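Protein chains in written order, with our numbering: chain A, 36 to 382; chain B, 36 to 382; chain C, 36 to 382; chain D, 36 to 382.
None of these hints come from the bench; they were simulated from the model. This one's a predicted model, so the numbers in the text were calculated from it and none came from an experiment. Fair warning: there could be bad hints in the mix.
Same chains, same label: a pair holds when it works inside one copy or across any pair of copies.
[Unchecked claim] Straight-line C-alpha distance at most 30 angstroms; calculated DSS-like pairs for lysine-lysine:
| no. | residue 1 | residue 2 |
| --- | --- | --- |
| 1 | Lys88 | Lys206 |
| 2 | Lys248 | Lys77 |
| 3 | Lys289 | Lys77 |
| 4 | Lys145 | Lys77 |
| 5 | Lys77 | Lys265 |
There are 4 protein chains.
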Amino acid sequence: MNRIQTAIVGASGYTGMELLRLLLTHPRVELTAVTSRQEAGKALGAVFPRFQKAAGAELVFIEPDPDAIAATGAKAAFLALPHGVAAEIARALLERGLRVIDLSADFRLKDAAVYEEFYGHPHPAPDLLEEAVYGLPEIRAAEIQAARLVASPGCYPTSILLPLLPLMREKLIDPETIVANSMSGVSGAGRKADLSLLFCECNESARAYGIPKHRHLSEIEQELGLAAGKNVTISFLPHLIPVNAGIVTTTTAKLLPGAAPEAIGAALQNAYAHAPFVRLLGHGGCADTKNVTRTNFIDIGWQYDPRTGRVILMSAEDNLGKGAGGQAVQSFNLMFGLNPIDGLHNF
Amino acid sequence: MNRIQTAIVGASGYTGMELLRLLLTHPRVELTAVTSRQEAGKALGAVFPRFQKAAGAELVFIEPDPDAIAATGAKAAFLALPHGVAAEIARALLERGLRVIDLSADFRLKDAAVYEEFYGHPHPAPDLLEEAVYGLPEIRAAEIQAARLVASPGCYPTSILLPLLPLMREKLIDPETIVANSMSGVSGAGRKADLSLLFCECNESARAYGIPKHRHLSEIEQELGLAAGKNVTISFLPHLIPVNAGIVTTTTAKLLPGAAPEAIGAALQNAYAHAPFVRLLGHGGCADTKNVTRTNFIDIGWQYDPRTGRVILMSAEDNLGKGAGGQAVQSFNLMFGLNPIDGLHNF
Amino acid sequence: MNRIQTAIVGASGYTGMELLRLLLTHPRVELTAVTSRQEAGKALGAVFPRFQKAAGAELVFIEPDPDAIAATGAKAAFLALPHGVAAEIARALLERGLRVIDLSADFRLKDAAVYEEFYGHPHPAPDLLEEAVYGLPEIRAAEIQAARLVASPGCYPTSILLPLLPLMREKLIDPETIVANSMSGVSGAGRKADLSLLFCECNESARAYGIPKHRHLSEIEQELGLAAGKNVTISFLPHLIPVNAGIVTTTTAKLLPGAAPEAIGAALQNAYAHAPFVRLLGHGGCADTKNVTRTNFIDIGWQYDPRTGRVILMSAEDNLGKGAGGQAVQSFNLMFGLNPIDGLHNF
Amino acid sequence: MNRIQTAIVGASGYTGMELLRLLLTHPRVELTAVTSRQEAGKALGAVFPRFQKAAGAELVFIEPDPDAIAATGAKAAFLALPHGVAAEIARALLERGLRVIDLSADFRLKDAAVYEEFYGHPHPAPDLLEEAVYGLPEIRAAEIQAARLVASPGCYPTSILLPLLPLMREKLIDPETIVANSMSGVSGAGRKADLSLLFCECNESARAYGIPKHRHLSEIEQELGLAAGKNVTISFLPHLIPVNAGIVTTTTAKLLPGAAPEAIGAALQNAYAHAPFVRLLGHGGCADTKNVTRTNFIDIGWQYDPRTGRVILMSAEDNLGKGAGGQAVQSFNLMFGLNPIDGLHNF
C-alpha cells in the first residue's frame, strides 16, 4: 500500500519524540522531513539512541524551512512547536498545499480574544481560526476527515472532555458544579533545562500548579460550552506527580434533578461503544495510568455518589499518547482515509 | 530532665517505624516496650537496620501483652494497630493506668453506628467513645492535655480538616460544595504483602481508589459537621501516586455570598499564626510534599478563583508524619506538658 | 500471510504479560491458548486492562493442560513458568508435536549436576538437556532454526554474554579477571506478593543481592566456557534498583598481553554489524536502559582503560524484552522461518 | 552549652541544603552566615520552604565575601562550592582566623599535578595542600582535631575507601585486582539546570558514566596508595540510578595468597567496632541505601567467594550525608571537641 509522505516539524521535544516513535513504524507513513533548529544536520538515530536501527533512523534533521519541507514531497505535517511559533509555519505549509496537524495551542480556540487572555499575546493568525478543526476524533470525525488544519487538543483537555462531553450533551450534569482534578506526569512540562523539572525536584514530590487559571482551561470551557449550548466555567486543578508519562483525571459534578444515575453509563456507552480508543471501565471502574502509557487509549470509569448527588468520572491516558502524539496520528488517519487504528494499536 | 516511659504497640508497620524513628531520639522519652507478634524476641536494631546504633536499638520486641507492657513501667502507649484490634488493648492499658494515643480509627468517631457503617463491624468498645479525644492538636489542645485516650486522626482527614476547619467555623464557605482531592504516597496503604502494592504495580502509575466512600470520610464529615454546627456531606477523591510518603490535598468550595475573599487568609492566619507545625504559604502558594516529608509540618496555601467563586485550599503533609506518627507525638507532648516541638523539629 | 497458532503457558506474571504484549500484535501469530491456573475462565482483557480492545483480548485463560493446549491447534508454545515446573509441561507439549520456547531455567544448562547445584533440586528432565538449544539468536541462529526445544536465556546472562562472547572467542581478554556488575529493574524479581518487593521497600533503595552465587551464574559460565574452550569462573554482582524494567551491566576484564585495544571494537563489529537487535555504541558509548525499555534491543558500548589494562563493556537491555519475552519471540521467528524483526521492531 | 559560630559558604545546592538541614538543628552550632550569590538578600526560609519555622530560618543570605563572613563572628566555615572556586575563599577565611571544612575537591589531593590531570586546570592554592587534612574521621581523627583546613572527601571515595582501607592496611587483598562498582542517586550530580538531569531523563533509566577516569578516582587511588605503601591503580565504574540520594558500592578484589577469609571480618571489626557511624553487617550482609538515607551512617557488608578467590565488599551511604554534609559535620565535631554524634544521630 502506498505511504503518505509526512513531516514532523519540531521533533526534539517529548511530543516530537512520541510522534517519531509512532510514525517511524506507522504502516502508511513515509517520514520525509524532520526538523529541529538545534539538531539540524544530524541523523535521527544519532540524536535519539532509542531510534537507532529503526527504518528511517538515517533521516537527517533539517531546519524548519517551509520550502525545504514541501520540497521533500510531504503531504502532511505534524507541528510540535511552542504556541505562537506554530501558527506562522502552519500558514506557510498550508499555502504550499500540505495538510497540517498542529499540536500547539495556536488553533484550538475559536475566539482570538480568549487566546490573548490565556496566552498573553495577540493571536498570530486569527484568520485561520474559523477553518481549524479542534481535533477530538471521537467528537468531530467528519470535520477532521475534511480538514486542512487540525488543532490537536491539549493533554488535560482530552482527559477531561472525553468523559464529560456525553454527559453535557445529554444534559445530565450541572455545569456550574464541575470540578476537574488532574495529575500529570513530568513529560507534560516539556523537555527544557529548568531547575523545577530536575529529577530531585520532582521525585518524591507532588504539588498543584497553574491554579486557578491554567491555559488549558480555555479550550476545556470552549468545548464544554459548545456541548452545553451556553457558557461554562469550571474549576480545573492540575497537579504534577513523579511519573514520566500519564494523566489521571477525576472529575465530579452534580447530577441534574430528574436525571437517573443509570443514564451516565448509558450516555458513555452511546458515545463510545464503537470508539476504537476509548475503553469504558463501567460503574466503579478506577482508571489507572499504568494501563494506558505508550498507547492511544483513554480509560474511563464512573461512579454515582448518592450521598452527595455527584457523578464522579475517572479517566486515564498517556499525556504524550492520547493526550498528544497518538491523538494527532488518530486525526491523521482520518484525514487520509486510513484504518483508524493504523500505527496505533500498540500495547 | 526526666523522661516519660513509653511503649509502642504494633511497631512493625510503616506507622510503627515512624513512631520508632521519632521516639528513639525524642529528648523526653524513654522507650520501655515495643511490641510485635511477628518480631517478638528480636532486637529492634536487628529488625530495622535503619535503627542500628541508635540508643535504644538493643530493646527487644515483646508480645502485645498488656501486663507485660505495664510491667515495663510505661506511662504512655502509642498504638499502631489495625482498627478493631486497637480498641481491646487500649482498654486494657487504660485499666492499667497508662495514657493511650491510638493511631487506629477505633476511637475517632463519636457515633458507634457510623463506625459500623464505615468499618463493617460493630464497634469493639463503644463505652470509651465519649471519653476519647479526636487528637488534632491545633484544634483541641486543652482536651488533649487532659486526655487519657487520644484518637489520633487519619492522614487524609488531617490534610483536609486543617485547611477547612477555620473557614467552616467562620462560615466563609458553603459545605454543600466541598470537593476534596487527595493524592497519597504508597506507605499510606500499609506494609503488607499485596500484589497491588508491588513496586511494578505502583511505579509509573496513578489511580483513584476508595471512591466514593473511603473510610476516612466518616471522621472528616464528623469534624466538619462539628465546626459547621450541622451535618456536612462532602466529596472525597483519594488517589494513589508513586511516592513513598506524602499527601497533597487540593480542596475547593464556594465562597458564601457576602464573604470577602480576603477573609480566607485572615481566617487561616487567626487559626494558625502561632501553631508550631502549620506553615501558611499565603495566597497562591502551592504546597509541595517534598518540603514536608519526614517532618510534622503541614504546609497550606490558598487561592480565590473569581471566575467560579470558589476557594481553593492546597495542603501538603507527610502521611506518616503530621498524618500519623508526628501528630501522635505532638499530642503526647501536650499530654505530658512538654515543649510542643520536643522531638519534632526535624527538617 | 498465514499465522502460526501459538500458546503462552503461564501468562500471568511479568514475563507472560510481555509475551502477550508482543504476540497480540505479532503479524504472523495467532494466539490460540493462554494458560494460568489462577485466571482460568477469565478473558485476557478482563485480567489485564492494558490489553482490552486488542484483537485477541477476548481469548479466555485455560488451565495449563497439555491436551487442551494441543487441541487448540497450537504449533508453538512459550513457557513462562517457574523452573522445575516448566520441564514437565515442555515434555508433554513436545510429545504432542509442539515446538517449545521455554523461558525458565530448566533447559539452559547442559549438565544436570550443575542444575542441581544451582537450583537445589534434581533436574526434572535430564534426557532433554542434550536436545535443548540455548537460545541466543545472535550466537546460535542455525541451531535455533532447527530446534524443537529452545531454552531462552536469562535476563542477566543475555546482558553479560552478548558483549563478552565475541571477545572470548577471539581470545582478547583474560577470563580469570572478569567482573560483571549488573543492575536490574524490579520486574526481574517476578510478580509475587512479597514484602521485599513492595513499592516502599524498593523505591529510593539500591542494594546488591544474590552474592556471590546467583543462579544465573551457572548459564553465564557455561556459555563463556564454551566460547573459551575451557572452564571459566567469574564474579557476578547483581543489584536491584528502582526501575520497573531494564538491566544495565558493566563488565570488566584484563586485555590479554598482545591484544590490541582496537581489536575490541573490531570483534564486536564482526559479531554484530548485521544483527538486527544489537546496537553498538562505539568506544566510550555508555548504554542507558531508557533507550531500550520495551524493545528487543541490546545496546553495547565499550572502553579500554590504559591505566589498568582493562576492557570495560557496558550493555543495556530490557530484562523483560531482550532479556526474556523479546528474545524468545526472536527465537520463534527463526524457528518458523519468519522475518527476524516480525513483531519486534517497536520503539 | 555555648555554640560555635558557623558559616556555610555556597548554601544553595544540594550539599548546601544538607548542611543547612544538619546545622540548623545542631545543638552546638549557631549559624551566623549563609552565602549564595543568587539568593543574597533573601531569608533562608523563603529560599527553602522546607526550613520555614526552623530556628534560624530568618537568617538572610549574603554574598560570599570573606570580610562579611568573618564579621559575623564565625569561627568555622563549611564550603560547598565548585572546585577551583573553593580554594580562593578558603585561603581568605583561613587568613581571617576561621577554621575551614571544604567539601569541594580543591584540597583533597596532595599532589598539585594529579589535581591538574584530573580537574583540567592548575591548582589554585598549591601551598595549602600540605596543611590540608583529608577528612575521613574514621581514619584521621587526630589530624582532623588539630586541623585548620579539612578537605572533606567525595561521596564515591567515602563509600569505596571505608570498606577497603582496613583490608589494604592489613595486606589482605591484591590492589591490582580491585574493581569498584558504584551506583549514585541523582543529587550527586548537583542542582543545575541540565537536560540530562531532568526527571524524564533519569527516571526509568540506569547508565554508567565517567568511565574510565572519573575525577574521584584521583583521591581514591591516593588514599589506597597511602594505605598500601605503594602506587595503586584501580577500576572505578560509577553509574547513575533514579533515586534522589544514596550510593551503593560493591567492590571486589582477590584475597592475597596466605590470607584467611576470616581475616576480612576481623580487619573490619578492628577498624570500626567503635566507630559511631560505621555499621558492620557481617558476612553476607547486603547494604541497602534505604537504611542510610538522611543519616551519617555507612553500612558495610562483606562476602568471600571461594570460587573466584575474591572478597566482595558492599557499602551503602547517603551521598549527601556520610558522602558530603554529614561527614563534614563529623569532622567539625572533632575539630571543636564536641561529642562525635552531636547533630548527627538522626534516623
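Each hint tested on the structure:
1. Lys88 / Lys206: between (52 angstroms within a copy, 29 angstroms between copies)
2. Lys248 / Lys77: Classified as between: cross-chain Cα gap 28 angstroms, same-chain 39 angstroms, threshold 30 angstroms.
3. Lys289 / Lys77: Close neither inside one copy (54 angstroms) nor across copies (36 angstroms); limit 30 angstroms.
4. Lys145 / Lys77: neither (38 angstroms within a copy, 44 angstroms between copies)
5. Lys77 / Lys265: neither (50 angstroms within a copy, 46 angstroms between copies)
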